[in-house]
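As they're listed, the protein sequences go chains X and R. Be aware that the first sequence starts at 570, since it is given in my numbering, and climbs by one per residue. Be aware that the second sequence starts at 6, since it is given in my numbering, and climbs by one per residue.
Bear in mind the hints are in silico, worked out from the structure with no lab data behind them. All values derive from a computational prediction rather than experimental measurement. All C-beta atoms in this analysis are idealised placements derived from N, C-alpha and C, irrespective of residue type, glycine included. Heads up, some of the hints might be wrong.
Claimed, not checked - If you only want the chain X side, here are some residues facing chain R, beta carbon under 10 Å, derived:
hint, residue
1, V573
2, E584
3, L603
4, A610
5, G612
6, S618
7, F631
8, F634
9, K637
10, G652
11, S662
12, N667
13, F671
Claimed, not checked - Restraint ranges, calculated between C-beta atoms of paired labels, are given here:
hint, chain 1, residue 1, chain 2, residue 2, range
14, X, A610, R, Q22, 24 to 30 Å
15, R, G45, X, I622, 31 to 37 Å
16, X, P681, R, E57, 37 to 43 Å
17, X, A639, R, R20, 41 to 47 Å
18, X, H645, R, W101, 28 to 34 Å
19, X, L664, R, G21, 36 to 42 Å
20, R, L118, X, T678, 31 to 37 Å
Unchecked claim - Derived list of chain R stretches under chain X, where covered just means 3 residues or more per stretch with a C-beta under 8 Å from a C-beta of chain X:
hint, segment
21, 23-30
22, 44-58
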Amino acid sequence: DQQVKQNSPSLSVQEGRISILNCDYTNSMFDYFLWYKKYPAEGPTFLISISSIKDKNEDGRFTVFLNKSAKHLSLHIVPSQPGDSAVYFCAASPLNNNDMRFGAGTRLTVKP
Amino acid sequence: DAGVTQSPTHLIKTRGQQVTLRCSPKSGHDTVSWYQQALGQGPQFIFQYYEEEERQRGNFPDRFSGHQFPNYSSELNVNALLLGDSALYLCASSLWGSQETQYFGPGTRLLVL
């Protein structure tokens, strides 16, 4: 069951521009949302998270926006850098529940 | 700090066989979770171990079992392998109760022929 969907398998942006990665979910019980970044031959690395009591969380160049009514979240990377090129996974779970559901990932390529 | 380590890196088995995958958590972590990542998909939660007990389980059959040792390391066992079990198996360690501090290992790639 695809409770978390990332509908864009790939995204290509120019260095210095904004990257916007999108994620949709179907389960209204999800309260906690995370973004992971994955380089080849490495495990996913935690990037940023947001709980349902917020609609925005910012960490340096990375900002996650949550629209609960639309069951949609997005990750903004500004400005994008070539080192940001990786696969980005969106994940969601009910709060304090470890059964996280992941999207299929979006491959971001940042061109110099 | 070596982070999360997994062994072996790659494995080839035939249908019906059994396999054991191993994971050593990041230093200081007491909780281990296992995920299956099929090609082109995101990781799927298999189960989580804390204090040597399975604490939560995803939607996987009983053929998937695990163990956690007193030193917090963990094993994932899969019996009666099916072709569909071919995937990357990821181990993640964390502190109990903290989803954010979950660190993933590089995974074990299992191919079932």
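To see whether the hints hold, each was checked on the structure:
Against a cut-off of 10 Å between C-beta atoms, the interface hint on X:V573 holds, since the closest Cβ of chain R lies about 7 Å away. Hint status for X:E584 relative to chain R: violated, with the closest Cβ pair at about 27 Å, above 10 Å. Taking 10 Å as the C-beta cut-off, the interface hint given for X:L603 holds, the closest approach to chain R being about 7 Å. Annotation: interface hint on X:A610 holds; nearest CB of chain R at approximately 6 Å, less than 10 Å.
For X:G612, the interface hint holds, the least distance from its beta-carbon to any beta-carbon of chain R being 3 Å, beneath 10 Å. Annotation: interface hint on X:S618 holds; nearest CB of chain R at approximately 6 Å, less than 10 Å. The beta carbon of X:F631 is not positioned within 10 Å of any beta carbon in chain R (closest approach about 14 Å), and the interface hint is therefore violated. The criterion of a C-beta within 10 Å of any C-beta in chain R is not met by X:F634, whose closest approach is roughly 18 Å, and the hint is violated.
Hint status for X:K637 relative to chain R: violated, with the closest Cβ pair at about 18 Å, above 10 Å. Interface hint status for X:G652: violated, as the beta-carbon distance to the closest one in chain R is roughly 19 Å, over 10 Å. The closest approach between the C-beta of X:S662 and any C-beta of chain R is roughly 7 Å, which is under the 10 Å cut-off, so the hint is satisfied. Here the hint on X:N667 is kept, as its CB sits about 5 Å from the closest CB of chain R, short of 10 Å.
For X:F671, the suggested interface contact is upheld, since its CB lies about 3 Å from the closest CB of chain R, less than 10 Å. Taking the beta carbon of each, X:A610 and R:Q22 are about 26 Å apart, inside 24 to 30 Å as hinted. Between R:G45 and X:I622 the C-beta distance comes to about 33 Å, which sits within the given range of 31 to 37 Å. Separated by about 49 Å at the C-beta atoms, X:P681 and R:E57 break the suggested range of 37 to 43 Å.
Between X:A639 and R:R20, the C-beta spacing of about 44 Å keeps the proposed range 41 to 47 Å intact. The hinted window of 28 to 34 Å between X:H645 and R:W101 holds, with their beta carbons roughly 32 Å apart. The given range of 36 to 42 Å is respected by X:L664 and R:G21, whose C-beta atoms sit roughly 41 Å from each other. Under the hint 31 to 37 Å, the C-beta atoms of R:L118 and X:T678, about 33 Å apart, fit the expected range.
Counting residues of the segment 23-30 of chain R whose CB falls under 8 Å from any CB of chain X gives 0; the rule of at least 3 is not met. With 7 residues bearing a CB less than 8 Å from a CB of chain X, the segment 44-58 of chain R meets the requirement of three and the coverage assertion stands.
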